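J.: Chain A is fixed; fit chain B onto it per the hints.
Those protein sequence lines, which keep their order, are chains A and B. Number 23 in this note's numbering belongs to position 23 of the first sequence; there are no gaps in the numbering. Number 131 in this note's numbering belongs to position 131 of the second sequence; there are no gaps in the numbering.
Quick caveat, the hints were computed from the structure, so don't treat them as lab data. This one's a predicted model, so the numbers in the text were calculated from it and none came from an experiment. Do not take every clue at face value.
For identical chains, the list gives no copy identity; a pair is met inside one copy or between any two copies.
Listed next, the in silico DSSO-like pairs over lysine-lysine satisfying Cα-Cα at most 30 Å (straight line) [what the hints assert, rightly or not]: (1) Lys79 <-> Lys64; (2) Lys304 <-> Lys225; (3) Lys3 <-> Lys289; (4) Lys258 <-> Lys278; (5) Lys66 <-> Lys122; (6) Lys182 <-> Lys307; (7) Lys345 <-> Lys224; (8) Lys64 <-> Lys224; (9) Lys307 <-> Lys328; (10) Lys79 <-> Lys307; (11) Lys258 <-> Lys129; (12) Lys289 <-> Lys230; (13) Lys206 <-> Lys309; (14) Lys289 <-> Lys23; (15) Lys333 <-> Lys224; (16) Lys304 <-> Lys3.
2 protein chains.
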Amino acid sequence: MFKTIEWKNNCVRLIDQIRLPEKEVYVDCRNYEEVAQAIEKMIVRGAPAIGVTAAFGVALGAIKSKANNIESFKAEFDKICTRLSLTRPTAVNLFWAIKRMEEVFNRNKNKSIDDLKKLLLKEAKEIYKEDIQINKSIGMFGKRLINDGDIVLTHCNAGALATAGFGTALGVIRASVRDGKKLTVFAGETRPFLQGARLTTWELLKDRIPVTLICDNMVGYFMKKGEISKVIVGADRIALNGDVANKIGTYNIAVLAKEHNIPFYVAAPISTIDPRIKNGSSIPIEERKPSEVTTIRGNSIAPKEVKAKNPAFDITSNHYITGIITEKGILRKPFSLSIKRILKKSHYER
Amino acid sequence: MFKTIEWKNNCVRLIDQIRLPEKEVYVDCRNYEEVAQAIEKMIVRGAPAIGVTAAFGVALGAIKSKANNIESFKAEFDKICTRLSLTRPTAVNLFWAIKRMEEVFNRNKNKSIDDLKKLLLKEAKEIYKEDIQINKSIGMFGKRLINDGDIVLTHCNAGALATAGFGTALGVIRASVRDGKKLTVFAGETRPFLQGARLTTWELLKDRIPVTLICDNMVGYFMKKGEISKVIVGADRIALNGDVANKIGTYNIAVLAKEHNIPFYVAAPISTIDPRIKNGSSIPIEERKPSEVTTIRGNSIAPKEVKAKNPAFDITSNHYITGIITEKGILRKPFSLSIKRILKKSHYER
Numbered sequence: 001m002f003k004t005i006e007w008k009n010n011c012v013r014l015i016d017q018i019r020l021p022e023k024e025v026y027v028d029c030r031n032y033e034e035v036a037q038a039i040e041k042m043i044v045r046g047a048p049a050i051g052v053t054a055a056f057g058v059a060l061g062a063i064k065s066k067a068n069n070i071e072s073f074k075a076e077f078d079k080i081c082t083r084l085s086l087t088r089p090t091a092v093n094l095f096w097a098i099k100r101m102e103e104v105f106n107r108n109k110n111k112s113i114d115d116l117k118k119l120l121l122k123e124a125k126e127i128y129k130e131d132i133q134i135n136k137s138i139g140m141f142g143k144r145l146i147n148d149g150d151i152v153l154t155h156c157n158a159g160a161l162a163t164a165g166f167g168t169a170l171g172v173i174r175a176s177v178r179d180g181k182k183l184t185v186f187a188g189e190t191r192p193f194l195q196g197a198r199l200t201t202w203e204l205l206k207d208r209i210p211v212t213l214i215c216d217n218m219v220g221y222f223m224k225k226g227e228i229s230k231v232i233v234g235a236d237r238i239a240l241n242g243d244v245a246n247k248i249g250t251y252n253i254a255v256l257a258k259e260h261n262i263p264f265y266v267a268a269p270i271s272t273i274d275p276r277i278k279n280g281s282s283i284p285i286e287e288r289k290p291s292e293v294t295t296i297r298g299n300s301i302a303p304k305e306v307k308a309k310n311p312a313f314d315i316t317s318n319h320y321i322t323g324i325i326t327e328k329g330i331l332r333k334p335f336s337l338s339i340k341r342i343l344k345k346s347h348y349e350r
Numbered sequence: 001m002f003k004t005i006e007w008k009n010n011c012v013r014l015i016d017q018i019r020l021p022e023k024e025v026y027v028d029c030r031n032y033e034e035v036a037q038a039i040e041k042m043i044v045r046g047a048p049a050i051g052v053t054a055a056f057g058v059a060l061g062a063i064k065s066k067a068n069n070i071e072s073f074k075a076e077f078d079k080i081c082t083r084l085s086l087t088r089p090t091a092v093n094l095f096w097a098i099k100r101m102e103e104v105f106n107r108n109k110n111k112s113i114d115d116l117k118k119l120l121l122k123e124a125k126e127i128y129k130e131d132i133q134i135n136k137s138i139g140m141f142g143k144r145l146i147n148d149g150d151i152v153l154t155h156c157n158a159g160a161l162a163t164a165g166f167g168t169a170l171g172v173i174r175a176s177v178r179d180g181k182k183l184t185v186f187a188g189e190t191r192p193f194l195q196g197a198r199l200t201t202w203e204l205l206k207d208r209i210p211v212t213l214i215c216d217n218m219v220g221y222f223m224k225k226g227e228i229s230k231v232i233v234g235a236d237r238i239a240l241n242g243d244v245a246n247k248i249g250t251y252n253i254a255v256l257a258k259e260h261n262i263p264f265y266v267a268a269p270i271s272t273i274d275p276r277i278k279n280g281s282s283i284p285i286e287e288r289k290p291s292e293v294t295t296i297r298g299n300s301i302a303p304k305e306v307k308a309k310n311p312a313f314d315i316t317s318n319h320y321i322t323g324i325i326t327e328k329g330i331l332r333k334p335f336s337l338s339i340k341r342i343l344k345k346s347h348y349e350r
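Same shape as in the complex, but just chain A (with noise of 0.2 Å):
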């Protein structure tokens, strides 16, 4: 099985996400630089991986620093946390995972610089350990509303690709196959950057799962003709009211499950909820190149000289979502209440 994030060698390690499914090759990132580009040129992606791979490229920074004083080493600190946050705005996982990072400075700034070290790279890879176990919680909980036979619609990767592994909506898939229930995943393909096509589908074929690929304007016909049952997606950033960004697309899908009568599901670990955020429209919205629009891998499809937006997320409201499955159970409406409940109950097990 592939890793979509190691620490080796002294170095945080990362499948490249451009280059699937083309080539299966890994990207050794040497210091935090270099780990804050790879997550703004989208080598590694989705909420959760993104926090793990920040968290690692913390860890990397404080190990690679020659600081030799306390003051110095925190300056130096401070600077590679403001560097990785800066990298991409909408996940929210990104600025959770360097918090948890910074606690552990905090927590211990009166030991030494190597013991420092020591522990920032033990955190790492605790955030590492949990995301697995929390996506196969996430997986555990979510097969429940599997049902043989099912046809599971997904967008983007919110898969082992996403994730340190095993994968959040990919995750409740691989659980339910896992128990045996016979299940067809469709796809869809989410432009711009094909995460879908070129990313779910190579995941779900080492996997041996059946998986269709559609184009992302070809849902409402599939539901129409009663081809697609739930819908499964992740998320980057939920707010208290339930309200969900995720990949741009998502919102157009949740609009018709709702038409279609059918269940759409997000799938996220609790880290994903930002307490700061009342509802979806305080969540910034990343806006990328133009030219991921007008060119596909390289490759132009539009005239050189036309204007086009590109928004990487969407929003999706609250009533859109028939359930949010976390590694603590399945939230239900009113979001507001069970997730208040949720972030409690986390807060007196830390």
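T.: The following block gives chain B in isolation, referenced to the frame of chain A:
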């Protein structure tokens, strides 16, 4: 200005819509088989353009015939019509145009073969000229619906490239702009064949009409933001109850438009209404090769072994449609009544 279709030197000359926007090149079809293949390969596409091309194809086939008696000429003529009618199944304009050519033949079967050939070419040229006129009338009626400052979303290409000239949906845009109205067009890229990205943008840039390219899955995002005020699309076939077959993705947009209370208009000639089809469920939907989904302009975007589906059209039920803009006026709900009335009127006027 470019010409989509032209009768030139006893050839059917077509602008090669596969090679746009990079290259503006023309293909000369020297016999009806070449015309048929040009339609199949989508060198020419768009319901009205396919109709006009097929009419020229029938004329070309007849003119090139070496038959020296009316029986063998008739047999050859039937073969030509059958071949051309098997090129694509969804757009009714194809069958409508071929039927008009057959009627000319049947009305004049007592004339000489030479006279028949002349009459057939005359009819094809008539269909061509009428189509441009019809589009201008569609524009004249449609522009009443457009306000200064509108941002109009269109899908696929229902422009000059989809017709003999001027366009249906883009004809409404052109007529509005000529009236001095300021508007912006949002062009959905229209996967898998990218007619929006490649053709609509190209046409509108030539006319200096402001156009912004978006991916199909961004429609909900911009509607929610209030950045789309109207939708106008073309049609490949319209049922007697007003259900509309159009390029895949149209139905997604119609559902989203309804959810956001945005008017959704269809612009099409009356010949697009199929009097034999009661509702959309009886309209045949063309399934094209999966490789159109798994590759983009020859470049692979998915694992080679992945399964893909490629329905080329979808059906939008009449209740999503605000109005149908025809060359005789704008049809309103209930469409079964307004369509009945317009068909009767058109019949009397013939």
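J.: State for each hint whether it applies.
T.: Here is what the structure says about each hint:
{"no.": "1", "hint": "Lys79 <-> Lys64", "verdict": "within (13 Å within a copy, 78 Å between copies)"}
{"no.": "2", "hint": "Lys304 <-> Lys225", "verdict": "between (38 Å within a copy, 27 Å between copies)"}
{"no.": "3", "hint": "Lys3 <-> Lys289", "verdict": "within (29 Å within a copy, 34 Å between copies)"}
{"no.": "4", "hint": "Lys258 <-> Lys278", "verdict": "both (23 Å within a copy, 27 Å between copies)"}
{"no.": "5", "hint": "Lys66 <-> Lys122", "verdict": "within (19 Å within a copy, 86 Å between copies)"}
{"no.": "6", "hint": "Lys182 <-> Lys307", "verdict": "between (45 Å within a copy, 17 Å between copies)"}
{"no.": "7", "hint": "Lys345 <-> Lys224", "verdict": "neither (40 Å within a copy, 34 Å between copies)"}
{"no.": "8", "hint": "Lys64 <-> Lys224", "verdict": "neither (56 Å within a copy, 46 Å between copies)"}
{"no.": "9", "hint": "Lys307 <-> Lys328", "verdict": "neither (45 Å within a copy, 35 Å between copies)"}
{"no.": "10", "hint": "Lys79 <-> Lys307", "verdict": "neither (36 Å within a copy, 47 Å between copies)"}
{"no.": "11", "hint": "Lys258 <-> Lys129", "verdict": "neither (36 Å within a copy, 45 Å between copies)"}
{"no.": "12", "hint": "Lys289 <-> Lys230", "verdict": "between (32 Å within a copy, 26 Å between copies)"}
{"no.": "13", "hint": "Lys206 <-> Lys309", "verdict": "between (34 Å within a copy, 20 Å between copies)"}
{"no.": "14", "hint": "Lys289 <-> Lys23", "verdict": "both (24 Å within a copy, 25 Å between copies)"}
{"no.": "15", "hint": "Lys333 <-> Lys224", "verdict": "both (26 Å within a copy, 22 Å between copies)"}
{"no.": "16", "hint": "Lys304 <-> Lys3", "verdict": "between (38 Å within a copy, 22 Å between copies)"}
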